[in-house]
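Q: Residue strings, one per chain:
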Amino acid sequence: MRVMAQMAMVMNLDKCIGCHTCSVTCKQAWTNRTGTEYVWFNNVETRPGQGYPRRYEDQEEWQGGWTLNKRGRLALKGGGRFRKLLTIFSNPKMPSIQDYYEPWTYDYATLTDAPAQEHTPVARPKSLLTGKDMKITWSSNWDDNLGGSKATEEHDPMLKKIGDKVKFEFEQTFMFYLPRICEHCLNPSCAASCPSGAIYKRSEDGIVLVDQDRCRGWRMCISGCPYKKVYFNHRTGKAEKCTFCFPRIEVGLPTVCSETCVGRLRYIGLMLYDADKVLEAASTTDEHGLYEAQREVFLDPNDPEVQREAERAGIPQDWIQAAQRSPIYALINRFKVALPLHPEYRTMPMVWYIPPLSPVVDVVKDTGYDAEDKGNLFAAIDALRIPIEYLAELFTAGEVAPVDRVLKKLAAMRSYMRDINLGRDPDASIPEAVGMTEEEMYDMYRLLAIAKYDERYVIPPAHAEQAHALEELATECSVSEYGGGNPEIFGEGSGSLTPLAVENFRMLQDRQTADTLASPADKSARVNLLNWDGKGAPSGLFPPRPDDEEQR
Amino acid sequence: MDTFLWVIVPYLCLTTFVVGHFWRYRYDKFGWTTRSSQLYEDKMLRIGSPLFHFGMLGVVGGHVIGLLIPESWTDAVGVSTEAYHAVAVVGGLIAGVMALVGMAILIYRRRTVGPVFSATTPMDKVMYAVLGVVIALGMWNTIAGSILSVGGHYDYREGVSVWYRSFLAFQPDPELMADAPLGFQLHALAAFALFALWPFTRLVHVFSAPLGYLTRPYLVYRSRDDVELGSHRPRRGWERVG
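Residue numbers (the numbering used here), protein chains in the order written: chain A, 1 to 552; chain B, 1 to 242.
One or more of the hints may lead you astray.
[As the list claims (entries may be wrong)] If you want the footprint, here are the derived chain A segments under chain B, 3+ residues with CB under 8 Å:
{"hint": "1", "stretch": "91 to 102"}
{"hint": "2", "stretch": "119 to 133"}
{"hint": "3", "stretch": "193 to 202"}
{"hint": "4", "stretch": "216 to 226"}
{"hint": "5", "stretch": "235 to 242"}
[To be verified] Take a look, some chain A residues computed to stay more than 10 Å from chain B by CB distance:
{"hint": "6", "residue": "E45"}
{"hint": "7", "residue": "T105"}
{"hint": "8", "residue": "M175"}
{"hint": "9", "residue": "E287"}
{"hint": "10", "residue": "R334"}
{"hint": "11", "residue": "M417"}
{"hint": "12", "residue": "I420"}
{"hint": "13", "residue": "L422"}
{"hint": "14", "residue": "P426"}
{"hint": "15", "residue": "G435"}
[As the list claims (entries may be wrong)] Listed below are the simulated DSSO-like cross-link pairs for lysine-lysine, each with C-alpha atoms no more than 27 Å apart in a straight line:
{"hint": "16", "chain 1": "B", "residue 1": "K43", "chain 2": "A", "residue 2": "K93"}
{"hint": "17", "chain 1": "B", "residue 1": "K125", "chain 2": "A", "residue 2": "K132"}
{"hint": "18", "chain 1": "B", "residue 1": "K43", "chain 2": "A", "residue 2": "K132"}
Think of the hints as simulated: they come from the structure by calculation, not from any bench.
Remember, predicted model here, so these are calculated numbers, not experimental data.
Built from N, CA and C at the ideal position, the CB exists for glycine as well.
Next up, chain B with everything else stripped away, as it sits in the complex (with noise of 0.2 Å):
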């Protein structure tokens, strides 16, 4: 059962999400677009959209560190455990409530705003559930794991960290997360779901994150057909000279 959930599961949602997105990428560009619902409402977008996306990127950084550096890393440069946890748990807990709470505006604006309820797809629905889910038990970790300590204590770096780690190494570990509290295990499980669903909902467009536009000039110039000068190739004796 273990080998299952912590090395079948993930593996089986890993690939569903490298594969997916090819295969989106390749058969669907024109569809890939973040599907923007602005046009048809913008009071509450102009705060729920910020508060939910720089959320969501704090939340994101907050994993990347938590899970991919070793505690022996932080350790090594000289951040004691209580001022990691400290800082994790303060900046989780921002970056969670502004994703939280942004999700919520979003999603009440969703439902009530008539053009973007139109616009919303069963596709859409579930992937708002998944994703809540995810969230919400996120924070349940973090409130009832971290600061309440329900369950006894509990070290993710020593334990869900750990795991990860060895899972993106191909050398995956089950008995570490068949150890984890619960809590973290459902949290894990709903974010695998979540990514194996991922290449098929709008969340495609985070790939899409336009960092090239801070790099190239401003105007864009493309030829018709890069092959020849002009718009087509010039008749006999009017060739180009030089």
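Extracted from the complex, chain A is given alone in its bound form (with noise of 0.2 Å):
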């Protein structure tokens, strides 16, 4: 047994209400910066859907993830080293800048600058790419709220899965929104197709990192990740991927996007697991026996020789004693009302999902039956066979029954609950129908419904010796803040002006000065506040005085 820890989110699908925020103050946080103007570290998908990029579930055509060859062992499914070696020089399977979007900006100065003219003036798009004039035709949520599905319904892959059967019934009945960041996954394959080493695995937490100092750009990564989760930086030519907000999470607060997360519905906690079980679950023959498979893989922080190993291999009382109130133990293992998203990609993913009952709900309710009623629901759970199918494309690689079971579960725990609100008596035959005890059912109520801050998020807190060296403690030494020292590099108004590299600092220049949209180019008139960062007053934030010039 080689025990380590793995920090890992449950997101509650019922909860989701698409409203994007985690995805805008995660990319205010980490991809504000020229040439991750396309970068969702964070995004929200409307289900059914394309996603983002588009189709990026088509394994057959992105091959990302890991498969078993014919001998049964695990293998690349982009191919193994000498096929990444061969193809380097023009990644095969790379998705191109249209299957995310074209980045674009708008054309504001034409609203205050036009001259006087019978029409009003128009803010027209122009592409951060060229700088020149483009027409819209799709971005990270196009498809939101099935929005346009219609025309791009087809091209869901995990409908398609499902067959034709589903098409207009689905739309009909249920919709639901996904957000996903990086699954730092146990087994991640893209850290597998670096060919420089440069993604990592952090012995510590499991965060999967890019060394950005390693990184030499040969963009395998990109076609390695089966969620297309790692990005291609084009301005400095690294990868570039979700972090798990680790500055934060060093110092015990949540990540940026599970801060502000309004419906409350992501859980962070540690997770025990067994390295040396990793590969052979990976390799389990049956799809469906993997999400069972990597459920295996976890320990129970609550066994005494768990315990001892964890202390033997290094892991601190503290980060074990987290481990024992972790709320994604509690989901994933103890309540099993967690799935991992997409475990068929064999990387042992490390954000899972508890499953919308949501859209089953309103359904019952739309026919005038009681919503709440056990009986009602499960019913409904067994009438409403598509939905259930195409969760299960999503989180159990098609199998059926395990999300029969969480949605039952979760209908339980509904009706169960009700009476209690009412006043009347538990019914301790609704627990035992899903076979829980009541005790079981109250506590998952509680962590589902009412789960305070510190219940979500069970992040073993950093230690004053080491704080100064964490990033988001402000204590380090801070000249930088008076011309000296490292300046921040987020946000073009902060700081001096960092040299990317000796030869696009003169491109680094020509951007800054151009006078071109693609950048903020004429710096004395105006200034892009989605790159600021709030420290300082870059160039530009205010007008220059006409009569600064008379005053001199």
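Both chains are sitting in their own frames, so use the hints and assemble them into the complex.
A: Okay, structure coming up:
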């Protein structure tokens, strides 16, 4: 047994209202820079839908993740080491910018600069890649709320799998949101695909990171990740990905996406797992067995033997305690209501989801029947095969039974809690019908419905002796604010100019001084507030005073 | 003049090449990348880039054989001069044409595809020009010198190659280069200019050829802090036992 700790997340999809707050705050925190305009470490997809980048789930096309080779051994679906090196000059499976979307801004200056004319001036979209006029045809959530799905739904690879019977019936009955971040897999195929060895998994908390100094821009990680959650920064020529907000996690704060989630649907906690079992679990022959196999990899932090082994592996005592209180462990292994996203990619993802019951409830409600009655809900779950098959394609490689079990548990919880809320005697037969005790059911209700901040985010806190080195605490030498030291690179307005590279130093300068819209060009007259991190006053924040010259 | 052209200039360029790479690696590890533009455009790159790169690998391999292996060695293993030249010319032509065609496609792409053109630095342009000149002169030497025998026959293995090895052994013999045809002289000078530019261009990615990938384990684990296990020092009384 080789115990390792993994920071993991569970999202309760029932609560997601698709507000995109997580995406926006994440973008503001991490990808508001030139070169990452099209990058969303966190994005929210409407399901059914194509996702972002388009049709990323179609692994026959993109060849991401792992597969079993003829001898039944785990192999990269996109080809092994030799194949990777042979195709290194042009990655055959890399999505183009059109598969994401061409980033753009608007020619806002026209609105104020335009001379008097008959028609109202219009801010026209300009490509952030070329600076030229462009026609907006796609974006990261173009099919939000099934917008335009009549035209595009056939492209949903998951919908295709369950056949044509769905189509419109599906759209009428079912829609939900799927927020996605990097899965921080136990068996990451992006790291395995990286020729430079720049992508690594942190041995303390399992967060998967890209070493920016080692990355050489070979782009194999981008095609290697089946979730398409590694992105190419086209300005620096390096790969970037979700960091699980590690500077925040290190000081015990939840990720930005979790912190700002309006629906409070995200849970963060530790999972202990047996690293020796990962390969075997990922090599499970039957795709349907992968969900169970991954659950088997996790260790029970309350088991004394596990605790002993964890200590021997150097996991601090307070981390073991945090693992015991982990809401993730409760949702995955105790209540068994969380499911992994696409276990069939065999990467052992560590961001799990509680599938949504609300659409089922809505259908029952619309029929006029009691939508919180156990019998009605159970019957509806059985009757609404199509949505459940779709959920199964997402979370259990197409096997319906586990999804069915989870939804029934959620339904049972609703009707059991209603009795309590209405002051009636709780009905013990309800939890029993889904194989739970009354106490377990109540605990699950507490965790899903009213868990407070410190119950949703159980992140072992940082220790004072290291605090100065942790990035989120501003106790480091603060010379950088006064022009010395290492200026923050985030936001074009802050710090001094950072030479990204000797050879593109000029390009950087040109971008900032050029008279085009692609970059904040005429800085004296305007500034891109999206890129401003709030520090200092970048030149151009205020227009030049007309009388400045005269006064001097 | 010969000493200047065939001793001083080459050593200056070589020094720039070596010191430049050292400096670049220390100063600009973050900028050490291929700066791929595949995200912007895919179709032309898919043909042009492998054509160019595999062609270049052939060209470099041919130069290593031609410049570093003395004629006496190949004679010793029984390769006749005719056979050697036939292989060298045919192989050189194939690799050279691949590289030239690939480069033409890549430059056309760079000029015509909007985002790729905007991402082109002045340094890129200089580098492309020098590289183009080097390849074109090399092709000229192969075609004009070896096939058409313009300006009489010249065996570079008894001239340029010997000089190059003497140059690497720090006992340069400028006479050998001074006697070489103009085409070879220009090719060598242009090549040294390219070596001097090398560390300041995207060409540095050549030295990142990820051969280690073939032997390393698939998954890389790294500790946040190599000194301590776990992400922080345990509190007093909570230290690890055993």
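Q: List, from low to high, the hint numbers that the structure doesn't satisfy.
A: none
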